[in-house]
Amino acid sequence: MKNLNRYILVWSVLLLFSCDSMKTVNLYDSVEKKEDPFLTFPYKDIFTDSDKTGVFGMKAHPCKEIVFDAINNFSGKDHLHIKWNKTKDCKWLGFGFKWGDFKSKDLSPIFENSAIEFMIRSNAGEFSTLPILFSLVDYSGKQCFSKVNILGMEDGVVDQKWRKVVIPLPTFKYEKKGVNLSNIKELRVQLMKKGDFHLDDIKIVPYSYSYVVSSETFTKKFNTLPITLGNEKKYWWGVNENYSSNFKFTSNSNSINSNESNISKDFLSELDVFSSLSVDYSSQKEDKKWNSFGFPFNKWELADLSEIYSTSALSFKIISEKVPKMKIIFISYLGKPRNISKIISEENIFKIDEKTFEIIIPIKSVKNYDLINWSNMKELRFKILESSIFEAVDFNLVEFKGNPNKPKN
Amino acid sequence: MKFLIRILIVFLVFPYSSAISQTSKVSIEESETGFQLLKDNQPYYIKGAGAKSNFQKVKESGGNSIRIWSSNKSNLLDSALKYDLSVCLGIWVAQERNGFDYNDEYKVKSQIELIKKKIVKLKDHPSLILWGIGNEVDLKYSNFKVWETIEEIAKFIKKVDPNHPTMTVIAGLDPSKVFMIKKYCPSIDILGINVYGSIVNANINIRRYGWEKPYIVTEWGVNGPFEAKVNAWGAKIEPTNGVKANQRLKRYKDFIEADNEKCLGSYCFLWGQKQESTATWHGMYLSSGNPTEAVDVMQYCWKGEWPEKRAPSIMKIKLNGGNWMRNHVFVKNEEVTLDFSYDRNSNDSLYFDFQLYPETFSTKGGGDKQKSPDKLVFEKIKQTNNTMTFKVPNKKGFYRIFVFVKNEINQSSVANIPFKVESL
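As you go down the protein sequences, you meet chains A and B in turn. For the first sequence, our numbering gives the first residue as 325, with consecutive numbering after it. For the second sequence, our numbering gives the first residue as 220, with consecutive numbering after it.
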């Protein structure tokens with residue numbers, strides 16, 4: 325019995341100690357509750373009534389009239405009535421809200437999910453745009469702007485009825501303007517053209533802003549050579565047999581029959597590719613102006629060749645008895661000059677066999693090559709300058725590190 | 220009482236139904252010979268002017284349509300209706316070159332919503348003939364998303380307004396633009412092309428760049444300042460009104476009228492006045508409101524006959540014997556003689572005026588607003604019927620002297636020549 329008592333005692337003590345070290349365990353991982361920054365933001369009211377919230381810039385002015393109006397308020401004892409006509413003589417028209425008595429406001433925690441909201445009505449007429457700019461001004465005087473647009477208007481309109489409008493805070497592009505969001509002083513209003521409106525109940529409200537500003541550029545950066553050019557028909561221009569037979573796509577050129585390529589013609593056709601461009605141009609024919617063709621570097625989007633252009637050359641083959649006189653033009657989307665050009669000369673021609681020539685044009689041999697904007701290249705254009713019959717094929721941008729003026733060496 | 224209610228209903232409904240009944244049904248017909256615009260099932264070749272005023276003169280000169288660039292001044296539609304002119308109504312689409320960011324979804328969406336609202340408001344206007352969605356949004360651009368906006372607007376028009384074709388207007392022809400519009404904007408029916416010097420290749424380019432639908436020459440005239448030669452100090456050389464008038468006539472005959480397969484007509488630029496490098500470059504009117512000989516030319520183009528009374532025509536202008544293409548450099552206060560030769564065009568009485576302005580050197584393009592310089596006071600020493608001797612300013616700088624000649628009904632011609640004043 326004694327033993328039993330001891331046994332019970334030991335177990336009781338053990339149990340007691342173990343109870344002491346027992347802890348509550350949650351069934352699920354705990355989620356730390358974040359406090360909504362909007363709830364703790366102390367400066368939600370920007371303008372409610374004249375005696376509660378301050379407005380500056382109300383002095384009499386020949387081009388504007390800003391008064392507290394007590395008739396037909398949206399709420400409270402009065403509202404703002406703003407009336408202006410920005411003629412040539414009045415340079416800047418506006419006013420502002422002291423907003424929390426000019427205390428420094430940190431908008432950064434609430435910026436992404438808040439908006440300025442207010443009530444507005446016009447004195448006359450219906451508006452889908454307002455000639456009013458709003459700016460957040462920081463303590464260094466820097467300001468970023470936004471305005472009311474149709475998406476922020478109740479029913480897409482401002483008229484004589486009190487309407488709610490919102491300006492989402494993310495529409496203020498503060499980064500671009502270098503505005504310090506954590507040290508905002510005031511909200512300023514700039515008046516453009518002319519207007520006559522009533523404003524009331526201006527405040528910061530929670531707002532779910534779902535729009536994005538993407539960084540898409542339509543630019544493809546090319547870092548390595550070679551680059552195959554003009555291999556898809558749909559991007560070419562200048563080849564239209566309905567109007568001229570000077571240029572034709574062909575899939576039975578000498579080049580395709582040679583050992584250089586083992587791709588079947590049918591396969592090429594399916595891929596919207598072709599083997600060569602067949603040219604039969606006469607400066608005597610009626611369609612003599614139909615003397616150019618071209619294709620883009622990058623599907624008519626922008627090609628950034630800035631990393632490689634200086635060590636590259638345009639290369640293609642001419643199948644003919646002789647190489648025709650031809651001008652090659654490199655065109656950029658932006659910048660000045662917009663294009664640079666070169667007429668093929670003797671040093672650019674390499675004879676491969678009796679009827680095949682390789683043309684190599686080092687970029688550095690093209691006049692003003694360093695002035696064109698190689699980050700935004702658009703197209704390559706070819707202009708035939710004399711009567712000629714030939715095939716052109718295998719357009720590439722290839723590596724070239726030799727003497728640009730003597731590529732043969 | 221019932222009778223009164225009926226009368227009230229008739230009065231309320233009548234104006235609305237009247238406007239609806241006048242809405243034109245405009246379509247494009249394609250045949251073996253090409254494209255044709257049909258207005259209420261009748262062939263309608265556009266003889267148009269880019270204009271915001273002087274509509275009566277468009278009508279009198281044989282024009283039938285005007286083009287406006289935005290829908291902000293919808294009263295212009297009513298004015299056009301008064302003169303039985305149709306309107307190519309521009310829907311202003313923001314341009315990247317003026318700061319619009321097509322990567323900003325909020326801005327893009329709000330622009331589209333605003334435009335949709337305007338379309339709904341104006342779609343049944345009786346003078347509307349077609350929609351011009353955007354003007355030169357492609358100029359100096361690199362964000363091709365703008366074409367998605369153009370398509371969304373065009374698609375919306377197709378949905379709410381089956382009566383009027385859609386067009387987008389580009390700054391000059393280019394294979395990349397044609398490719399983009401074909402790829403992104405299948406709801407565009409007509410390509411509008413603003414072509415000045417490049418009008419001479421427009422017919423062939425529209426075909427070799429692969430545009431398969433019809434087109435309208437939405438702005439054309441003389442070569443623009445952006446295409447002009449500049450002198451040693453960068454002042455643009457503007458041809459005389461006479462030279463420009465001849466150029467307009469040739470361009471209309473050779474390049475617009477000649478393309479009866481794909482071209483549905485044209486809008487000359489500009490049936491009015493604006494500052495674009497100079498106050499007289501594109502305007503077919505002067506800032507005084509006087510019409511120039513370009514207006515006569517358009518009557519000849521549209522009606523096939525010259526007006527009974529024609530404007531005089533200045534063909535040549537010289538400074539101290541040197542022609543308008545030269546660099547004219549003088550010293551302060553130097554006496555200089557301006558020579559000008561003109562065709563009287565059977566006018567008995569002609570009146571001359573001379574004006575001096577500082578050079579502007581504007582680098583703006585695409586029709587963006589430019590500030591007009593203020594007129595300068597200068598000393599005129601002597602004047603004959605084709606010369607004027609004057610003292611150049613007593614201040615170093617770049618100037619431009621203008622000569623205006625008009626007849627008794629204010630039909631005018633103008634020419635100018637830039638010069639530079641240096642110290643001794």
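Just so you know, the hints here were simulated from the structure itself, not pulled from any lab data. Be careful, since some hints might not be right.
In silico DSS-like links for lysine-lysine, alpha-carbon gap of 25 Å or less [stated by the list, open to error]:
| # | chain 1 | residue 1 | chain 2 | residue 2 |
| --- | --- | --- | --- | --- |
| 1 | B | 328 | A | 500 |
| 2 | B | 588 | A | 471 |
| 3 | A | 612 | A | 572 |
| 4 | B | 402 | A | 501 |
| 5 | B | 402 | A | 558 |
| 6 | A | 401 | A | 422 |
| 7 | A | 415 | B | 359 |
| 8 | A | 500 | B | 326 |
| 9 | B | 359 | A | 544 |
| 10 | A | 679 | A | 623 |
| 11 | B | 244 | B | 301 |
| 12 | B | 328 | B | 292 |
| 13 | B | 292 | A | 517 |
| 14 | B | 292 | B | 377 |
| 15 | B | 588 | A | 415 |
| 16 | B | 336 | A | 623 |
| 17 | B | 493 | B | 594 |
| 18 | A | 471 | A | 544 |
| 19 | B | 340 | A | 485 |
| 20 | A | 412 | B | 588 |
| 21 | B | 342 | B | 292 |
| 22 | B | 328 | B | 244 |
| 23 | B | 276 | B | 336 |
Could you tell me which of the hints above the structure violates, numbers in ascending order? Hints 4, 7, 10, 16, 18, 22 and 23 are the ones this structure does not satisfy, whereas the remaining hints hold.
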